[in-house]
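Peer 1: I would like the entire structure built from these sequences, with the hints used as guidance.
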Amino acid sequence: MDLAKASPAEVRSLIRAGELDKPTSGMCAPYAQANMAVLPKELAFDFLLFTQRNKVPCPVLDVTEAGSPVPKLVAPKADLRHDIPRYRIYRHGELTDEVTDAAPFWRDDLVAFLLGCSFSFEGPMIEAGLEIRHITDNHNVPMYKTNIECVPAGVFHGPMVVSMRPMKPADAIRAVQITTRMPFVHGAPIHIGDPEAIGISDIDKPDFGERSDIKPGEVPVFWACGVTPQAVAMAVKPEFMITHAPGYMFITDVLNSQLSIM
1 MDLAKASPAE
11 VRSLIRAGEL
21 DKPTSGMCAP
31 YAQANMAVLP
41 KELAFDFLLF
51 TQRNKVPCPV
61 LDVTEAGSPV
71 PKLVAPKADL
81 RHDIPRYRIY
91 RHGELTDEVT
101 DAAPFWRDDL
111 VAFLLGCSFS
121 FEGPMIEAGL
131 EIRHITDNHN
141 VPMYKTNIEC
151 VPAGVFHGPM
161 VVSMRPMKPA
171 DAIRAVQITT
181 RMPFVHGAPI
191 HIGDPEAIGI
201 SDIDKPDFGE
211 RSDIKPGEVP
221 VFWACGVTPQ
231 AVAMAVKPEF
241 MITHAPGYMF
251 ITDVLNSQLS
261 IM
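Using the UniProt record's numbering, read the sequence shown as starting at 1 and increasing by one per residue.
There may be inaccurate statements among the hints.
The following label-pair restraints were derived from C-beta to C-beta distances [what the hints assert, rightly or not]:
(1) Ser68 x Val176: 24 to 32 angstroms
(2) Arg107 x Ile173: 45 to 53 angstroms
(3) Ala4 x Ser68: 38 to 46 angstroms
(4) Glu65 x Asn138: 20 to 28 angstroms
(5) Leu3 x Gln258: 15 to 23 angstroms
(6) Met1 x Gly154: 38 to 46 angstroms
These are calculated hints, taken from the structure and not from any lab test.
In this text, a Cβ means the ideal position worked out from N, Cα and C, and glycines have one as well.
Peer 2: Here it is as structure tokens:
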């Protein structure tokens, strides 16, 4: 099966059957992918407020009913306990498990948030003739914690996480034009150039994902990233939290074109 051309339902079926365990970049190219953060109901309002105050790293696509694993707005036949290739389980801010099925950890008081993902704008960039290095080299996108603090809300606070794609300067300008039209999946880059200006001391050592080669004449281009809630979890140390593993996203039934501003 050509995963780039497969339907979201087909890919989710492979994931649920345990037949697909890899980063989802490039899969179901026309469709939006989503980050996931799952928290106890008692923390859900604070987190919703956090997303509203930090819409660039945390653009909300859907929020489930308490206890329900079904994202009714973006994929009403999906099940968030099974349909993501890898999950991370946090207890008191510490990563305790990375699993391929979250059902054993699901509780009746959990609320799931699905947040827009930068993988969604990679398809339009490829269509425009831009290279996406981590797709070319078949590895996970590099992601970094920054010194950019998110706007606090309730108990939630912490640094913004960014994803990075190296590009020639002219391609970076085109990438800005393309992604500016897609605010529901992070929108335009938040920084281009010197990594140290946003607190990244070693571009070759990402906090999440895998390094990308930056070739002569290229500049690093940084977008806000939906892994930000995981960095926040480490800072806030909630009693319990489930997230996607970085790069292993939930694929929705929503077309990227529906999230674009024309």
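Peer 1: Is it true that Ser68 and Val176 lie within 24 to 32 angstroms of each other by Cβ?
Peer 2: At 38 angstroms between Cβs, range violated.
Peer 1: Holds or violated: the 38 to 46 angstroms window for the beta-carbon distance between Ala4 and Ser68?
Peer 2: 30 angstroms, violated
Peer 1: Return holds or violated for the Cβ distance of Glu65 and Asn138 against the range 20 to 28 angstroms.
Peer 2: 38 angstroms, violated
Peer 1: Confirm or reject the claim that Met1 and Gly154 have a C-beta distance inside 38 to 46 angstroms.
Peer 2: Check passed, 43 angstroms falls within 38 to 46 angstroms.
Peer 1: Starting from the range 45 to 53 angstroms, see whether the pair Arg107 and Ile173 falls in it by beta-carbon distance.
Peer 2: 47 angstroms, holds
Peer 1: Determine whether the Cβ-Cβ distance between Leu3 and Gln258 falls within the hinted range of 15 to 23 angstroms.
Peer 2: About 21 angstroms separates the Cβ atoms of Leu3 and Gln258, which means 15 to 23 angstroms holds.
Checked against the numbered hints above, the structure violates hints 1, 3 and 4; every other hint is satisfied.
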